[in-house]
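Chains as they are written, first to last, in this note's numbering: chain A, 1 to 251; chain B, 1001 to 1094; chain C, 2001 to 2291.
No lab work stands behind these hints: they were computed from the structure. These numbers come from a predicted model, not from an experiment. Certain hints may be false.
Claimed, not checked - Chain C is faced by these chain B residues, among others (derived, beta-carbon under 8 Å): (1) M1001; (2) K1002; (3) A1003; (4) N1004; (5) Y1007; (6) E1013; (7) D1044; (8) W1061.
All residues carry an ideal CB built from backbone N, CA and C; glycine is no exception.
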Amino acid sequence: MFAGIDVGASATKCMIVDESKNEVASAVRRTGMSLRKVADEVYKEALSGAGLEPDGIKVVATGFGRKNVDFADSIRTEISCHCKGCYHHFPRALTIVDIGGQDTKLIRTNVEGKIIDFKMNRKCAAGTGAFLEEIARRMDVPLEEMNGLALSSEREIEIGSYCTVFTATEILSKIREGEKQKDIVRAVFGSVIKRIQEMNPLIGDVVLTGGVVAHNEILFDLLEEALGREVLKPPKPQFTGAFGAALYAMM
Amino acid sequence: MKANYGYKDGSGEYFITIDTDKCNCCEECVKVCPAGVLEMVPNDFDIEADDMPAVTEKERWKIKYTCAPCKPVDKESTPPCIEACKEDAIEHSW
Amino acid sequence: MEKKESEYWRWKEYNWKSPELNWEDFEIITAGVDIGSVSSQAVVMGDGELFAYSNMRTGSDSPESARNAMDWALKDTGMSLDKIRYVVGTGYGRVNVPFANKAITEIACHARGANWMYGPSVRTVLDMGGQDCKAIRCDERGKVTAFLMNDKCAAGTGRGMEVFADLLGVHIQDIGELSFEIDEEPPEVSSTCVVFAKAEASQLLREGWPKNKVIAAYCAAMAHRVFTLIERLGMEKEFAITGGIAKNVGVVKRIERELKIEALKTEKDTQIAGAVGGALFGKTLVEKGKG
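Here chain A stands alone, though its shape is the one from the complex:
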């Protein structure tokens, strides 16, 4: 058995796979204050879910808090783990877009799954999960209801602001103008897509992954609409990094 633990800024994920790379168990928790504690908890939860003992399981840790996982056999960057995970599902040249809680990464790989280049935005909340969280809070909409609301939208409107803070102000004036909540929420997701497209041209086969897209499937629709072609969706997008780490544990 092989385990991958992805300690992200917002959520910590664990996935355990068997020799044939099939998922045996997985678990996810909010990262919170203590990275050591959450890594330990999420691992134990996955183990007990599969009725496993930690003995003999190889563990690879990834994510921004990977160095805090004391029990890991080795560590890997989240960029290589995301590639590994995505390439397993789609073995070809890819443009991988990982929307995280506090950053967004754009990774390009060649046919062999090797990284050609990558871009990361972690200086600015626009285009990341933090943007959606802040806007949901300002609109007083529970984060988990955003996707459903956006899917029910019937009218296309546009948000012109770039900055999260200015977007919040713009939304208040849209509400005053009488725009519907669901249409605004859809436009908010549209803004995330715009920020991603501005990072780098999205060429070839595009994979969308990460916790934010796992909970907000509308992002797939909107990106497909913007690109005019299909966007690849890995199974369990939130666990791509943890899955990739587990594959590294196997090597």
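Could you slot chains B and C onto chain A? The hints should help.
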């Protein structure tokens, strides 16, 4: 006047500078830009002057992205807007 | 749907009229109306002297905000709008001033206004507005020689400071003074992005930092942010700050520290610089026979 349009973010500084003292208002830069980044606007800084080129408000936040196709990796060829300007009034900071 | 929060960001709106001047003595009366994204000002000037003005929060409708600001500026002056020969609209909503004769960009107006407010020695003006931040270089007549503007991002803007006032539960006008009630200057908040800076500040509070220390750390971050703007444009003496943040001594002192130069001081209201510039442009246009 040196008008700077653009921004600075985590990856660098992206400014297009237009020197209106050098500019002869020929409009060539506006015509050659394949992405419609430039437009002619009234010169509010000198009421007597002709319209001057400026970066559109919509593009000011994303010129790094919009201008990317005109930025060759080898840095030897010049973007069309700079090439088209006979007065050397346009500069890119990146 | 709008979440109710205590309104720590809310600053006082006001109007002013000259106690000495009488509008009937003026030859040319002009006005500038600056419709910003956060605040609006209407300034009435007679022969280039400040006669009356108002400063209020911009509403959702720009034309209405313009009318309200002008009505309030003229209140108790005994003068009506039709006595004004020329009105210049400026600011983000400049094209939406229904009674304006001309719209002029706020960059030109702020330089002209700073020249009037601080005198002809001003060469570098930093205008810290509600939703943008501008660094402007000008000559001795207040004519712009170079400018640079950030309106992409809330870092270094009044709106960013309002967000912090709300987060910390401190009234916005008290932030400047409180930022000096600390034992020693803390390192600045490291995140540029307001959203991430907010998260960082919350974390510092949880770690037991006193509120004032967090305020100081944010004022320093804001100062650093605008410092990099000025650095890019190049600094020439004298230096002056206009806009709402010019009233925040916590940010101003820290900008001075970074630039190693003192900003010029004024008794006048730094928030009306743009509208004053507009009114002065109006006067020039009338004199040139273009009004």
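Checking against the hints above, which ones are violated?
-> Of the numbered hints given earlier, the structure breaks none, since each of them holds.
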